[in-house]
Structures are given as structure tokens and as C-alpha cells.
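Please take these sequences and the hints and turn them into a complete structure.
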Amino acid sequence: MKLPWRRGSTADSDLPAAAAAAQAGRFKVRIVDRPVSHLRADEFRADKELVHLAATVLANANVQLMLSVMRNEHPGFEVLSPAAGPNDRLVAQARAEGYTIALATFESLGAAASLPERLVSTFGSEEQQATG
8 MKLPWRRGST ADSDLPAAAA AAQAGRFKVR IVDRPVSHLR ADEFRADKEL
58 VHLAATVLAN ANVQLMLSVM RNEHPGFEVL SPAAGPNDRL VAQARAEGYT
108 IALATFESLG AAASLPERLV STFGSEEQQA TG
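Each residue of the sequence shown is one higher than the last, beginning at 8 in the numbering used here.
Hints are computed from structural coordinates only; laboratory data are not their basis.
Given the structure is predicted, the values throughout are model-derived calculations rather than measurements.
Among the hints, a few may not be true.
Stated by the list, open to error - What follows is a set of in silico ranges between Cβ atoms, one per label pair, in the way DEER data are often shown:
| hint | residue 1 | residue 2 | range |
| --- | --- | --- | --- |
| 1 | ASP49 | SER88 | 34 to 42 Å |
| 2 | THR129 | ARG47 | 19 to 27 Å |
| 3 | PRO93 | ALA119 | 39 to 47 Å |
| 4 | PRO89 | LYS35 | 55 to 63 Å |
| 5 | ARG125 | VAL76 | 19 to 27 Å |
| 6 | ALA66 | VAL127 | 33 to 41 Å |
For glycine and all other residues, C-beta sits at the position ideal for the given N, C-alpha and C.
What follows is the structure, given as C-alpha cells:
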């Protein structure tokens, strides 16, 4: 699977030199539009190279620190006023659940998983399927 954002065009070690050259006026900066990835988490986790990349990133101590801060900022820790109505409580619960799911999905990208088998519908009547 070839993805437009994979490494290869510029080595990480070249980035500081390129930034310094851009500041010195030797380069012109232009915006390059990139297609948005439409990968879903299960597709990402089925690609061994992407999972290895994510596992490497997630193992980084700085990323772990950032994840820890994000867990500490979880909206579920917010205390609602006793005067908060049912709608406010519903919104707070939905925010907390969404936040939990987003963190879990992000952390799951470093664990390999195979794509689930796609079900093929037959659209036949039950009698035809039973008698085969």
C-alpha cells in the first residue's frame, strides 16, 4: 500500500538544514496540497509497516508524556454544577465517551490486527438457502 505521506522524500536529518536555508531566503516556501488519508483504524492496523511506525512513535517517552497529559485532561474529570440540567449531563457524558474512544483508537494503532472477513449477502429467500 503506497501512501503519499510516507517517508522517503526528505530525511529527518535534513529538516533542520532545510529550515535554516528557508529562513536565510535561499528557498521559497509554497503550500503543497496533499490528499487526505481515508484509512480507517482497522485498515491501518492491518498494515505491518504502519503498525511498526505507530509502535515506535508510541514507545517514545515524549509521546507517552503527552498521552499522560491527555489522559489527565479527560473531560470525565470535569465536575458539573449541581444545577446542571439533564442536557448538560448528556453532553458531558458524550464528550467523555468520545474522548475515551479517541485515545483508545490512537493507542491501538501500534497493535497489529487483521482485517475482518467481509460478509457477502446472498439476498435469497430463507427457504432457498435452507434447501440449498
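Verification of the hints:
no. : hint                         : verdict
1   : ASP49 <-> SER88: 34 to 42 Å  : holds, 40 Å
2   : THR129 <-> ARG47: 19 to 27 Å : holds, 26 Å
3   : PRO93 <-> ALA119: 39 to 47 Å : holds, 42 Å
4   : PRO89 <-> LYS35: 55 to 63 Å  : holds, 59 Å
5   : ARG125 <-> VAL76: 19 to 27 Å : violated, 39 Å
6   : ALA66 <-> VAL127: 33 to 41 Å : holds, 39 Å
Checked against the numbered hints listed earlier, the structure breaks hint 5 alone; every other hint is satisfied.
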